[in-house]
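K.L.:
Work the whole structure out from these sequences, hints included.
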Amino acid sequence: MSDILTIKNLRVEGRPPGGTYVPIVKGVSLNVAKGEVLALIGESGSGKSTISLASMGFARPGCRISGGEIWLNGRDIMKLSPHDRHALRGNEVSYVAQSAAASFNPALRIGKQVIEAPLWHGAGDAATLTATAVDLYRKLDLPNPDTVGNKFPHQVSGGQLQRLMAAMAMSCGPDLLILDEPTTALDVTTQIEVLKAFKDIIRDQGTAAIYVTHDLAVVAQVADRILVLKNGEMVEEGPTAQILHDPQHEYTRTLMAAVRPAPHLVDHVDASAAQAPVISARNITAGYGALTILSDVSVDVPAASVVGVIGESGCGKSTLARVVAGLTPLREGEIKLDGKVAAPSVKDRPRDTLKDCQIVFQMADTALNPRQRIGDILGRPLEFYQGLKGRARLDKVGELLELVDLPRSFASRFPGELSGGQKQRINLARALAADPKVILCDEVTSALDTVVAAGVIDLLKTLKDKLGVAYMFISHDLSTVASFADEVVVLYAGRVVEKGPSKAVFSPPFHPYTKLLLSSVPEMRQGWLEGVADTGEAKAASAGSVVIGAKGCPFSNRCTHVISGTCDTVAPPLRVLSDGLEIACHLPTGELPDRGL
Amino acid sequence: MHRIILTRLAQGVLTLLLASIIIFGATEILPGDVAEAILGQSRTEEALATLREEMGLNRPAIVRYFDWLGGMVQGDLGTSLATKRPVADMIESRMWNTLRLALLAAAISVPLSLALGLWSAMRAGGRVDKTLAMTTLALIAVPEFFIGLILMKVFAVELKWLSASANTRPYFDFWQNARALALPVATLSFAVLAHMMRMTRSSVINIFTSPYMEMAALKGLPKRRLVVLHALPNALSPILTVIALNLSYMVSGVIIVETVFGVPGLTRLLVDGVTLRDIPLIQACAMIFGAVYILLNLLADVLSIMANPRLRYPK
Amino acid sequence: MSDATEFAKPRASVFAGLRLTRTAIFAGGILLFWLVLALFGPWIAPHGEADIISTKTFAPIGEGGWLGTDKLGRDVFSRLIYGVRTTLLLALVTTVISFTFGVTLGFAAAILKGWFDIVVSRIVEAFMAFPSTLLALVVIGAFGTSITVLVLTVGLVLSTSVFRVSRALGYDIGVMDFVEAARARGEGTWWILTREILPNSMAPLIAEFGLRFTFSILFLSGLSFLGLGVQEPAADWGLMVQENVGGLFLGSSAALIPAACIASLTVSMNLLVDWFQQRQQGETVLEKIDQ
Ligand SMILES: Nc1ncnc2c1ncn2[C@@H]1O[C@H](COP(=O)(O)OP(=O)(O)OP(=O)(O)O)[C@@H](O)[C@H]1O
Ligand code: SF4
Ligand SMILES: [Mg+2]
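Chains as they are written, first to last, in this note's numbering: chain G, 181 to 777; chain S, 1259 to 1573; chain Z, 1048 to 1338.
Some hints here could point you the wrong way.
Stated by the list, open to error - Looking from chain S toward chain Z, a few residues come up when the C-beta cut is under 10 Å (computed):
id	residue
1	1272
2	1276
3	1407
4	1410
5	1413
6	1414
7	1537
8	1547
Claimed, not checked - Once the Cα atoms are required to be at most 25 Å apart in a straight line, the calculated DSS-like pairs of lysine-lysine come out as:
id	chain 1	residue 1	chain 2	residue 2
9	Z	1160	S	1411
10	G	683	G	644
11	G	188	G	527
12	G	206	G	259
13	G	259	S	1481
14	G	527	Z	1103
15	G	188	G	259
16	S	1388	G	292
17	G	206	G	331
18	G	683	G	331
To be clear, the hints were calculated from the coordinates, so they are not data collected in a lab. We put the beta carbon where it would ideally sit given N, CA and C, even for glycine.
P.N.:
Laid out in C-alpha cells, this is it:
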C-alpha cells in the first residue's frame, strides 16, 4: 500500500469551557497516497481543522481524540506513547496554519524558526539546514532569499510570510504536509502567488498533502481528490473533476450552487441618475490619530440603489462607513444625508438624521450585546426613534423578525442562542427597525459561510425591493459586490481608483488595479491558477505591498504599467470616461488595460 | 527605539515630580502646618506665630515647595522635628539595614519565583501545577505578620534554631549574621514570591494560547524548549513589570518585617515619624521609597522595550 | 465564523455555568461562619470586648477564657468575636468607597476619553507611584489616625486599582461593535454605560470586588499591626496581634490566633474569587502534547 496516511473511523470530541464532551468528528475515514493532495472542504465548524490536526495525533486544547485508528507510514500512531507520537510532528508530518502572521513567533528570527524542527529532530547541522532553507526560499520566489532568514516576522509582508511558512513546513522533508486554509487570510491579489508556490513545492517534493479550505475555486486548483464534510461527518468523496462537475450528494450541490457567480456574468440596470442621493460624501479625508487613511474620497448613494465599495483589507472601507455614520470624525470634506449636511460627529446629529442612515457591522457575534434579549435589542431602536412602547413595540419586533425570515419566538432569546447567519439577520433587523433610507453594510457576509451568506444577500435584495431602502455595500469580495451592486467604487490604499455603474466598472477599460482584482478572483476551472500566476501583473503585484499615504499613485509599486517619474510623484486625479465611469490613472484612455490576460 | 526610551525616561521624571507634589501637598498644605504639629496641644497663638516666622512657614506654599524640592535634589532632607537632627543623617544610619533585607530577599525570591513559575507552566494542569497554585493562592492572602510570627514561633521560640531579633552586630561572623537575618529575609521573600510566581506562570500560559505556540508545539519540540525558548521571550515584558512591582511592593513587606523582628531600618523610622507626626522625616522617607518605586518600574519598561524586536528592528 | 450554537451558551447571569466545587463550599462555609459571628457576636460572646476577666495575663488556651487571656487579662475569645465585626465592616466600607470612586471615574474616563481621561489617569498614576502602604502612612502621618481617616485613606488607595480595572474594561467593551452600534444609534453616555458596558463587566467587577475586599482586610490589619489603624480598646484582629506579640515568647497564642483568623478570612475569599474566575481557564497546548 502506498498510502502515507490512513484514517479509520476517527472520532473527536470537544468540550466547551465548563461543559461536557460532545462529538465534533463522528467516524470519518480517509486515506492519502504519496504525492497526492486531498482537499477537505466544508463549512465552518464542519471539523476540517480538527481532522487535519488529528492526522498528526493532535487535538486542540479542549478537544480529545476519542476513537479510531490513524496509520502514518504503516503504523497506528494512536498506539504509540505520547512521547513517540510527539516525535513524529515536525519530522514525518508538518503543518501550515491559516495565518502566518500569527503563527510565527514574533520574538525569534525567521530563519531560526524555519530550521528549528529538522535541527531538533537531528536532520542535520544548522549550516546545511540553512543552505537547504535558502534553496527553498528561492524556489518559493521570495525576494532576497539569502537574507530573509535573518529578519523578524514583523519585517516581512503577509504574503511572503505565508510562503515562508511553507518553507518552514517543508524544511524537515515531511512525508505528509497539512495545510489549514493557508491562503484564507490573504487578499485575492496576494493569494495567487502563494497558492502557486504551495502547489509547485508539493509537486516538486512528491509530498502527500491534506489541504483544508472552504473555497471551492481554490480546491479546483490544487486538489487531486476532494472530501466533503458536514457536521463532522463525511458527505461525499471523489476525484476533483467528478466532485466539481458531477456532485452526487445533495449537500455538495448546495455548496456548488452557493459559489458566487463570476463577476463579468452579471448585467445590471443602470441606476437612475435622476434620483437624489441619500448619501453624498464629498472629498472625505479621515484617519485615526496621526494616521490618515482616507484621502479625498467622494461617494454618492442614490435612493433605493446599491453602491458597492470594494477594496482589500486595510484600504479604508470600514473607515468610510464609520465616517458616514459619524463614528469616526472626518478631517476634511462634507457629508450630506438625504440632502442635508450632517454634522461630522454622531453626537451632534439630530435623531431623524441618525434614523435615516443605519450601520450593520461585519462580525455578527460582537455586534449584539450578549446580555440583552433579541426583543430588547430590536425594541430599543423602535422606542428610541419612534417612541414605540409596550404592546406596539412587541408587535413591531415580531414583524421585524418575520421580515428577516426568523420566527417571532426568537424575541425571548439571547444572542448566544443564535447561529452566525441568524445573528446577522438580527443585525439587519435592528437597522431596519429605524425605518432608514440607507443602510451601511460593512462586510456583512464576510464572516459567514457561502451558503449562509448567499441567504443573507437574497434577503438584502428582497428587503430593497420591498422597502425601497438603499445600501452602501462594503466588501472585499468582488463577486458578491458584482452580483448585487448597481454602482461600484473601488478603493485602494484609502483612495478611490475607479467608480461608476457596475457594468462599466466590470467591463473594459479597467484601472490597472481593478484589472488585477478581477483576474485574481479564483475560478472553478482547473488549470486557471497556472494561467494567471505567470502573468506579469500577478508577478508585479506580489512584489510590493499596500502603502497607505504614498505620494504619487498608491498602486505604483505594484503596477505593470507604471510610468516612472510620473506615477510615483503625482497622484492621478479621477477622470471621467464614457457612461459615468471614472478612473484615476495617468495612462491615456486608449492604453488602459482591457479584457484578456 | 532610543526615542521611545527617552520619552519613557522623561515620563519617569514627570511622575516623580507629580509624586513630590502629592507628598508635599498631603503633608504641608492640607491639615494645619508644621508649627502646629511641633507645638502640639499646648500652643499659644503667639508661639505659633513666632515659630512660623522662624521656619519660614509664612511664605506661599509654592515657594516652600520649590525650596523643599531644591533641598531634596541637593541632598538636604531637612531637620527632624522630633530629634532636631538632620534627616539625612538619621536616614543614612538606617538605610543599610533595610537595603540589606530587601536585596537579600530579592536575590532569593526573583530567581526562585521565575524557576517555580516556569516549572509550574511546563506542568500546566498537572499535580505540581495545581499544588503550587493552591499554595501560592493561600500565601498571597496571608498577612505578612502572620508568616513572620509563625516562622518566629516555630524556628526561634520553639526550635531555637534561628534568632528572633534581626539586630546584627559589627562583630558577628557569617553564621551569626545568617542566623539573625534568616527569618526576616524568609518572611519578606514569601510575601513576594507567591505573587511573582503566579504572574510568571500566567504570563507564560497566556502566551500559550497564541497560534505560534501551537505551531511550535506541532514541530515536535519538547516542553522545556517551548516554554523557555518560545514562550518566555514573549512573556518577558509582563514578567519584568511584575518583578518591578513586587520589588517595590517589598516596601510594605519590609515595614511589617522590620516591626516583627525589630530591625532598626528605614521603614521603622518612617512608622515612628508617622506616630510622632515628624513631617520632614515622613516627606524624606516617602520620597526615597517613591523614587525607588518609579526607578524600578522605569527599569522594567526600558528593559522590555529593549527586548522587543519590533522596537529594536523597525521595518 | 461559527454556527456552533452549542459552544456559546447564553450568559444571562454572571453566575451561570458555575458549578460548586468542594473548595468553593469550604471557603464559602468559612466566610459564612465569620459573617454569622459578625452579625450575632454580641449575643454569642461570653464577655465584653474590653472586660478584664482575669488577673492572669497571657493565660494559655483553656485557662481564663476559652482561648486564654491577652496582655491585659481580657478574654481572647470574646475580643475575637467582637473583632470580626470591626474587621469585616471596615473592609466592606472601604471596598464600597473604592468602588464608588474607582468605577465611576474609570468608566467615565473610558467613555469620555479626551482631556478628562488624560487628567484623571495621570493623577491616578502619580498616586500609584507609591506603594500603597507608603501612601497610607503619609496621609495618616499628616492627619493623625482616626477611623474616618483610616477608611478614607484605604478607600482611596484601593480605588486606584479599581479605577484601572474599570477603565480597561470600559475601553475594551467600549470598542465592541454592539457599543458602536448604540453610539451610531445616537444613544447617550448614560445608556451606553448602564445598559451596554456595565452588564458586560459584571463578572470581572465582582472578582475585583472580592480581591479588593481581601486586600482591604490585609491592609487594615497591617496598619493596625503597626499601631496606626484601629485604636484600643476597640477589638480588631490586626490590633490584637499587635497587642499580644510580646506574649509569643511567653508561650501565649494570643497573637497567633487573630492572625490565623485573618488568614482564614482572606484565604477563603481568595479561593472563592479564584473559583469564580475558574471557568475562564482552559487547557493549553502543553497538556495536549502529552496525550
Ligand atoms: N476547543 C474546542 N472545544 C470545543 N469545541 C470546539 C473546540 N474547537 C472547535 N470546536 C468545535 O468543533 C467543531 C469543528 O471545529 P473545526 O475548527 O474543526 O472546524 P473547521 O471546519 O475547521 O471550521 P473553520 O472553517 O471555521 O476553520 C466546531 O463545532 C467547533 O465549534
Ligand atoms: S497611475 Fe500609473 S501606477 Fe497608478 S495605476 Fe495608473 S499606470 Fe499604474
Ligand atoms: Mg478551521
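K.L.:
None of the hints should be skipped; say for each whether it holds.
P.N.:
Each hint tested on the structure:
Hint on residue 1272(S) holds. Least Cβ distance to chain Z is approximately 9 Å, under the 10 Å limit. Given hint, residue 1276(S) at the interface with chain Z, holds; its Cβ is 4 Å from that chain's nearest Cβ, closer than 10 Å. The beta carbon of residue 1407(S) is positioned within 10 Å of a beta carbon in chain Z (closest approach about 6 Å), and the interface hint is therefore held. The beta carbon of residue 1410(S) comes within 7 Å of a beta carbon in chain Z, closer than 10 Å, and the hint placing it at the interface holds.
The closest approach between the C-beta of residue 1413(S) and any C-beta of chain Z is roughly 12 Å, which is over the 10 Å cut-off, so the hint fails. Interface hint status for residue 1414(S): upheld, as the beta-carbon distance to the closest one in chain Z is roughly 9 Å, under 10 Å. Interface restraint check: residue 1537(S) against chain Z, minimum CB-CB distance 7 Å, threshold 10 Å, status holds. Interface restraint check for residue 1547(S): the shortest CB-CB distance to chain Z comes to about 5 Å, inside 10 Å, so the restraint holds.
The straight-line distance between the Cα atoms of residue 1160(Z) and residue 1411(S) is roughly 53 Å, outside the 25 Å bound, and the hint therefore fails. A distance of roughly 20 Å separates the Cα atoms of residue 683(G) and residue 644(G); the hinted pair therefore holds under the 25 Å criterion. Distance restraint check for residue 188(G) and residue 527(G): the Cα-Cα separation of roughly 60 Å exceeds the 25 Å cut-off, and the hinted pair is therefore not satisfied. For the hint pairing residue 206(G) with residue 259(G), the CA-to-CA distance comes to about 20 Å; that is within 25 Å, so the pair holds.
Our distance criterion of 25 Å between C-alpha atoms is met by residue 259(G) and residue 1481(S), whose separation comes to about 21 Å. Our distance criterion of 25 Å between C-alpha atoms is broken by residue 527(G) and residue 1103(Z), whose separation comes to about 74 Å. For the hint pairing residue 188(G) with residue 259(G), the CA-to-CA distance comes to about 14 Å; that is within 25 Å, so the pair holds. Straight-line distance between C-alpha atoms of residue 1388(S) and residue 292(G) comes to about 34 Å, which puts the hinted pair past the 25 Å bound.
Simply put, residue 206(G) and residue 331(G) have alpha-carbon atoms about 43 Å apart, too far for the 25 Å limit, and the pair is violated. Restraint check for residue 683(G) and residue 331(G): the C-alpha separation of about 45 Å exceeds 25 Å, so the hint is violated.
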